[in-house]
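*Asks:* Spelled out, the chains give:
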Amino acid sequence: MTEAHPSFKAAMLAALPALRAFAMSLSGRHDVADDLVQETVMKAWSKQDSFTLGTNMNAWLFTILRNLYYSQMRKRGREVQDVDGAFTARLGVPPAHDGRMDLADFRRALDALPPDQREAILLIGASGFSYEEAATICGCAVGTIKSRVSRARTRLQAALGVSGASDYGPDATTAGAVSRAFAS
Amino acid sequence: MNYVPDRPSDDAPPAPRPPAPRGRRKDPLGPEGDIGLRLRALYAEVEQEPIPAQLIELLERLSEVERKASE
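Each protein sequence line maps, in turn, to chains A and B. If you're matching positions, the first sequence starts at 1 in the working numbering and goes up one per residue. If you're matching positions, the second sequence starts at 185 in the working numbering and goes up one per residue.
Looking at chain A on its own, in the form it has when it is part of the complex (with noise of 0.2 Å):
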């Protein structure tokens, strides 16, 4: 046993890429979206002692990366609400995999939505956190998180209405290489 919490270590360099990507949601640039990440881990790293091995990492690091999000964002006004929708903006996912299915569309309805609708589809849909934990990492209730996904599902299956306006027949062969194409 040379190191003190090989295992924390450990869980800290597995959640890594998934706060990565969060942290890009919230500011929509890399070099920010890393120095988010860089002080979670200081942070995280210095309340280590607060957290239970086995609970669940990733939603405590995501609260503490989000309120140092927020934090910095109300010491910076409005610079950083700027760069809103940049996320998606230059996330270039290629266009190729299928005509109808590019995503295109839904970025750009993904970037319309209220930043608080955005955030909490993400953290159910892309992030897969309970709505339980959702609330947590937002600070706020379980119904709040629920009524914004709500709202956000339902401007963002709308959006995919519109675009996929031929696409009402069998659908299983495009569903299959879709997934095969996500999934890789």
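No wet-lab data here; the hints were simulated from the structure. Glycine residues also receive a C-beta, built at the ideal position from the N, C-alpha and C atoms. Treat the hints loosely; a few may be bogus.
[As the list claims (entries may be wrong)] Computed footprint of chain B on chain A; a stretch qualifies when at least three of its residues, placed anywhere within it, have a C-beta under 8 Å from a C-beta of chain B:
{"#": "1", "stretch": "36-42"}
{"#": "2", "stretch": "66-76"}
{"#": "3", "stretch": "106-112"}
{"#": "4", "stretch": "121-131"}
{"#": "5", "stretch": "154-160"}
Assemble the complex: chain A is given as a structure, and chain B must be docked to it using the hints.
*Replies:* For chain B alone, kept in the frame of chain A given last:
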């Protein structure tokens, strides 16, 4: 319980309710859901990038400092 049967007792018991459809079934945010798939595709791009070296080094430094402090 003041249960008063409103039918003859030899009546068949009420048909069990079909189980309420729950969660996942057609959850648009679920593993096969149209929105969930797209949200995860957007995240995947960032998640699949290599972790920046300075983050790995930071973790190494932190655990090294801690190791020395505990000696």
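*Asks:* Work down the list of hints and note, for each, if the structure agrees.
*Replies:* Comparing the hints with the structure gives:
no., hint, in the structure
1, 36-42, "holds (count 4)"
2, 66-76, "violated (count 0)"
3, 106-112, "holds (count 3)"
4, 121-131, "holds (count 6)"
5, 154-160, "holds (count 3)"
Hint compliance for this structure: hint 2 is the single one not met.
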